[in-house]
Every structure is written in structure tokens, then in C-alpha cells.
Amino acid sequence: MRGRRPLDGLEEDIKDHLDRETEDNIDRGMSPDEARRQARLKFGNAALVAEDTRNVWTWTTVEQLLGDLRSGLRILTRSPGVSITAIALIALVIGGNTIIFSMVHGLLTKPAPGIPESNLVSLGWSVDRQPVHPTDSYANYLDVAAAAETVRPMLAFRFERFTLTHRDGSYAVFGSLVTPGYFDTLGVSLVRGRMFTDDEAHAQELTAVISHRFWTEHFQQRDDAIGERIVLNGQAATIVGIAAPQFQGLWLGERSDVWVPLVAYARGHAQSRLLDERAGGPFAMVGRLAPGTSLRQARTELSTIAARLQAAYPDANKRKSIAVFPYSATAAGDSMIAQRGPQFLALFSIITALTLLIVCANVANLMLARAVSRQREMAVRQSFGASQLRVIRLVLAEGIAISGAAWAVACFCAWIMSKAMARWIPPSDWRTVRGRLHSRLEGRGLRAGARCRRHDRVHDRAGAARVASGCTAVPQSRRTGRRRRTLAPRQRPRRLAAGVRRSAPRRCGTRLSVVLAGRRDGPRVQP
Amino acid sequence: MSTKRRRIELLQGTLDVLILQTLRSGPAHGHAIAKAIERGSDDVLQVEQGSLYPALHRLIKRGWITFDEGVSENNRRAKFYALTPKGRKQLQIETGKWDTLARAVARILRPATQE
Numbered sequence: 001m002r003g004r005r006p007l008d009g010l011e012e013d014i015k016d017h018l019d020r021e022t023e024d025n026i027d028r029g030m031s032p033d034e035a036r037r038q039a040r041l042k043f044g045n046a047a048l049v050a051e052d053t054r055n056v057w058t059w060t061t062v063e064q065l066l067g068d069l070r071s072g073l074r075i076l077t078r079s080p081g082v083s084i085t086a087i088a089l090i091a092l093v094i095g096g097n098t099i100i101f102s103m104v105h106g107l108l109t110k111p112a113p114g115i116p117e118s119n120l121v122s123l124g125w126s127v128d129r130q131p132v133h134p135t136d137s138y139a140n141y142l143d144v145a146a147a148a149e150t151v152r153p154m155l156a157f158r159f160e161r162f163t164l165t166h167r168d169g170s171y172a173v174f175g176s177l178v179t180p181g182y183f184d185t186l187g188v189s190l191v192r193g194r195m196f197t198d199d200e201a202h203a204q205e206l207t208a209v210i211s212h213r214f215w216t217e218h219f220q221q222r223d224d225a226i227g228e229r230i231v232l233n234g235q236a237a238t239i240v241g242i243a244a245p246q247f248q249g250l251w252l253g254e255r256s257d258v259w260v261p262l263v264a265y266a267r268g269h270a271q272s273r274l275l276d277e278r279a280g281g282p283f284a285m286v287g288r289l290a291p292g293t294s295l296r297q298a299r300t301e302l303s304t305i306a307a308r309l310q311a312a313y314p315d316a317n318k319r320k321s322i323a324v325f326p327y328s329a330t331a332a333g334d335s336m337i338a339q340r341g342p343q344f345l346a347l348f349s350i351i352t353a354l355t356l357l358i359v360c361a362n363v364a365n366l367m368l369a370r371a372v373s374r375q376r377e378m379a380v381r382q383s384f385g386a387s388q389l390r391v392i393r394l395v396l397a398e399g400i401a402i403s404g405a406a407w408a409v410a411c412f413c414a415w416i417m418s419k420a421m422a423r424w425i426p427p428s429d430w431r432t433v434r435g436r437l438h439s440r441l442e443g444r445g446l447r448a449g450a451r452c453r454r455h456d457r458v459h460d461r462a463g464a465a466r467v468a469s470g471c472t473a474v475p476q477s478r479r480t481g482r483r484r485r486t487l488a489p490r491q492r493p494r495r496l497a498a499g500v501r502r503s504a505p506r507r508c509g510t511r512l513s514v515v516l517a518g519r520r521d522g523p524r525v526q527p
Numbered sequence: 528m529s530t531k532r533r534r535i536e537l538l539q540g541t542l543d544v545l546i547l548q549t550l551r552s553g554p555a556h557g558h559a560i561a562k563a564i565e566r567g568s569d570d571v572l573q574v575e576q577g578s579l580y581p582a583l584h585r586l587i588k589r590g591w592i593t594f595d596e597g598v599s600e601n602n603r604r605a606k607f608y609a610l611t612p613k614g615r616k617q618l619q620i621e622t623g624k625w626d627t628l629a630r631a632v633a634r635i636l637r638p639a640t641q642e
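Same order as they appear, the protein sequences are chains A and B.
Residue 1 is where the first sequence starts when you use the numbering used here, and the numbers rise one by one after that.
Residue 528 is where the second sequence starts when you use the numbering used here, and the numbers rise one by one after that.
Treat the hints as calculated values from the structure; they're not laboratory data.
A hint or two may mislead.
[Claimed, not checked] Below, a list of computed lysine-lysine pairs in the DSSO-like style, where the Cα atoms sit at most 30 Å apart:
| no. | chain 1 | residue 1 | chain 2 | residue 2 |
| --- | --- | --- | --- | --- |
| 1 | B | K588 | A | K15 |
| 2 | B | K562 | B | K613 |
| 3 | B | K562 | A | K15 |
| 4 | B | K588 | A | K42 |
| 5 | B | K624 | A | K419 |
| 6 | B | K624 | B | K588 |
| 7 | B | K588 | B | K616 |
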């Protein structure tokens, strides 16, 4: 019996009560019908009594809260000025902070487009615990990649500018020199063709993977683009693969359109020295944490590897240590950003919270001012029997109504603003990225190609071509006589000084006119 | 002379304490509680029987009374309500409040009796 709920048998209880009252009335001398009628009159509506009894156990607070909310909404419209001010204040702060925080968080933590979320880490190098440098030598990369178990596989890459020539013309494009496992390590698939093999990575013949964007714009997504012969900075190459849509490199705004094997390219352009140097280099490294491995374990192992490198090559790797950070689109080659990013986000969160607190205080002041003006109303409510708790609940309901309206407006504003910003801000501003890239990766002061006023002469194997570059100069191979030299970017400004004509500055990387041998006006193409 | 007494309706909130007081002498079913209050007040207090069961369930919900199935004096099944220790304590508190209220009202209504 103890297991029974109080409402069990309620109807029987009421019926039993009516029966007993009827019997009492009969004992008093009433007729049975009259006794029953009087009993019912005295008891009242049995169904209503049952409902009132059940309401004791149901959660009426929600119904009361809804009633309070309706009342709160009505009161909001009585003071539209205060209500709109409060809603606008809260919505602005919430919406604005949400947008900004989301953007910053996305920039600092998300991978570049086309790269699936994964356990990628970027490696950096520091000497004597100085600020981390994101790049180092290819020789060190080989040793680290061979020895590391916690970060495997690993890739190395270096940015490069290309003049890509094919039957439709020549284009200034951006790209990367990469190790063979580049796409595998990143988890980026190819929509056509294949990735680089270990053999061709070291072969004389150059192979290339082009971006989906370039394939669409210049090959109209034709399948026969695979196997197409192109010329990259004067070296012949064969397209072997097309990258997945959206993927254009590890960095935010990288906009790479071509990837070539690092070793094959370096050898083909007399840059073998770069491969053998150990003291430093322009190669950034990214790897994937092995399954079940934590970042801490990776850091421990790589510290050990760095110590071994120090011992093995004391001149080149003196006091050099390896730092490991979670990869993001802004920290692929810049461990400094990965290192400082979480701290910045934490600080940003605090500032966001403080901003919200300040606005809440302002809104609380508004509500307090309004509450003071409603003292009489509250006194009248209490005189009608409303408890203090009831009055507090009513005021809280108004606050909830304002908060709810502000939240809805904030969501709408944040959605609108995110759409607008995506439309107004260029998806990538290579100039900005390039400026940062140059200052980070090419710390010795890469200047070539950063100017927008030069004409230059580009020769390819097929013949003479004059390239009028309206903007960023591209890595160029220049043939003087029979010797073809490939200019390293940092050499370019001096080498190209001769014969350079200044032209009107144009937007970077947007226009390239090609004059082929025998033709004065070649096709103007836009990279 | 009219012998018909005028019944006074229970003030709001008094039914609960009267139920507690009625159950102090032992468990009772709903109808018996209503009759006990009427008899105990010499038929002065009229219990609105429609309010009785919601009041009983309120008291159960607060833990002041409990219930159990039983058999009444005429062999009929009924739900019997009994006071809990918590209810007993609450009864003391409510009784004290009523005494205080009654003295205060009496002092105002009949100030001469105080002297």
C-alpha cells in the first residue's frame, strides 16, 4: 500500500465521500434522491475537485511562468524606449562578440579549407628558448621525420612562386615545394590522378599537382589535364593530379595552385645546396600525431630528437630545440601563432565576458530605474495577496522576456553580419599573407616579388617571352645565352634590375601579359 | 427564537491547520475529517468539501500527513490519512500563530476585557 501514489484511486475516494454524505443525509430523514442531491451540492463539482487535486501534484510553476512571461511581454510594450534600449545593448554586445570571437577562434584554431579536422601539429625551432622560428633546414627535417614515432607522418614544404606556362599562356601562380607525403599527411584527397611517388620525388622529370580552382579555370575540368605538359619556372613538368576542391594550401589565404616535389624541383633549379644545408632553411614542417599519442608525448620525444641533433651537428644545431603546436590555418608555418593563439583566445574570452558584464550592469540600471517607477504597482499587487516571491518572479519574467528578445536579435544580427563579412572581405588577400609569410619564413628579407611596379623578362624553353608584370613578380627563370639560371627569390631584385621598366602599379598578381617570340601581343590572362 | 445557527465559512488557509488538528487524535478518512471539523466546531465551521481533497493532497505533498488504505468502521475500503512527525511539529507552529492572532484581534475588539 505504501507503494501507491497519492492520486491513485482519487475518483473512488470522491465517490466514497459522496456515498457517505448521502448515507448521512438519509439518516437525517431525506429521501435517497434528495440525500444524493444534497451531498453533491455540498461537495461541489466532483470533476473540478478531482482536477484541482491533480493540480496539486502537477508542475504548475511552468504555467505560472508562462503567464508571467506573457505579463512581462505586455509590460515591455508599455515602456518601449527602455525595452528597445536594453534589447539593443544586449544584442549588440552578444552578436558582435559572437561574430568576432567566432572569427578569431576560427582563424586561430581551424585548419585551412579542404583539410579535414585531424591531429595535425606544426613544428617550430627555437634557439636558447628564444621565440620560435617556424622553418629550418631540409636536412634536419629528414632526420626528425625518420626518428619521430609520435609525429608520423611528417611533411616539409616551402612556398614558391611559379610562372606556369601551358598552351593557353603563362600565368603567375603561387605554389609549394613539398615532400612526397604532403597530401597523405594532410588527409587531402585528389579528385583526379595521383599523388607524388617517392621515386618521382627525386627524379629528374618534374611532376605537379594543380589546384581544383586552376583546373576549373584553365582546363575546364577536363580529364585530359592529367598528363598535360606544363612549364614551371622554365622546367618542364607533367600534371599527375588535381587537388580536392577548396584546398589551396596549409595556410589561410595561401592560394597555392601548384605543388611540386621539393627535391626534384630544387635539383632542377640548382638549389641542391638548400637540401644539404643544415644550419637553417626555409622549410616548414607539419605532421600528424600518431594514434593514441598526446601532444605532451610528442613534445617529449621531439625534445630528445633535438638533443641528438645538437650532439650530432653542434655547429648547425647549437642550442636548437623543437617546439610542437597544434596546427591551424594561421599556424601552419608559424608556430608563434600556434603558441600565442590559445593565450590570445583566453584573453579575448575574458575581455568578451567583461564587456558582457558591463552591458549587463547597464541594463540592470535601466531595469532598476523602471522598477523604482513601478513601486506603486508592486504595492498594489502585494495588497491583493501576491507574495514577495510572486513579485520577484514577475520582475524576473520581464528580465527573461528582454533577454530572450535580445538573444533572438543577437542571433539574427550575428547571422547577417557573418554573411555580410564573408561577402565583403576577399576570401584571401595574398598580399597580406605574403607580407606575413615573408617576414616569417624569409627572415633574411625577401623582397622579390613584393613590388608591384616592374616589368620583367621571362624566357622559357620554347622561346623568348616578355612578361609585363603588373604586380607581384613571380619566380622567374631567366636564360642568358645558353645558360639558364633560376633565381632564388631573394636574389631576384638585384638580378632583375637590368632592363626593368617601371610601369604603373597594378593590383598584385592579377595581370600577366605574355609576348611570345614572333608575336607582339599575346593573350592577356589573369592568374 | 431561532435555533438555526449561522455557519461561518472557513477562512482561507485555516482548513490545513484544522485537518492537522483533527488527525492529531488518530488516522481518519476524508469524510470523517470533514465531519470531525464540523462537529468539533459545534457546526459553526462549514467545510467546503470540494476543498478538502486538494487540501489533503497539499498536506501530503508537504510531508505533513501521509496516507494508507484501510477499512472503515462499516467495513468499507477508504484512504486513511495520518499525521507525520513533521506535521505534528507544523501543527504546533500553526497553533501558536493562531493563538497570537486570536489574542491580538481580541485585544482590539474588546480592549475593556484586558483591563
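Taking the hints in turn, this is what the structure says about them:
1. Distance check on the hinted pair: B/K588 and A/K15 sit about 22 Å apart at the alpha-carbon level, within 30 Å; holds.
2. Among the hinted pairs, B/K562 with B/K613 is consistent with the structure: their alpha-carbon atoms are about 24 Å apart, no more than 30 Å.
3. Pair hint B/K562 plus A/K15 holds up; C-alpha atoms about 16 Å apart against a cutoff of 30 Å.
4. Distance hint between B/K588 and A/K42 is fulfilled; the C-alpha atoms sit about 26 Å from each other, no more than 30 Å.
5. For the hint pairing B/K624 with A/K419, the CA-to-CA distance comes to about 65 Å; that exceeds 30 Å, so the pair is violated.
6. Restraint check for B/K624 and B/K588: the C-alpha separation of about 22 Å stays at or below 30 Å, so the hint holds.
7. For the hint linking B/K588 to B/K616, the alpha-carbon distance of about 16 Å falls within 30 Å, and the restraint holds.
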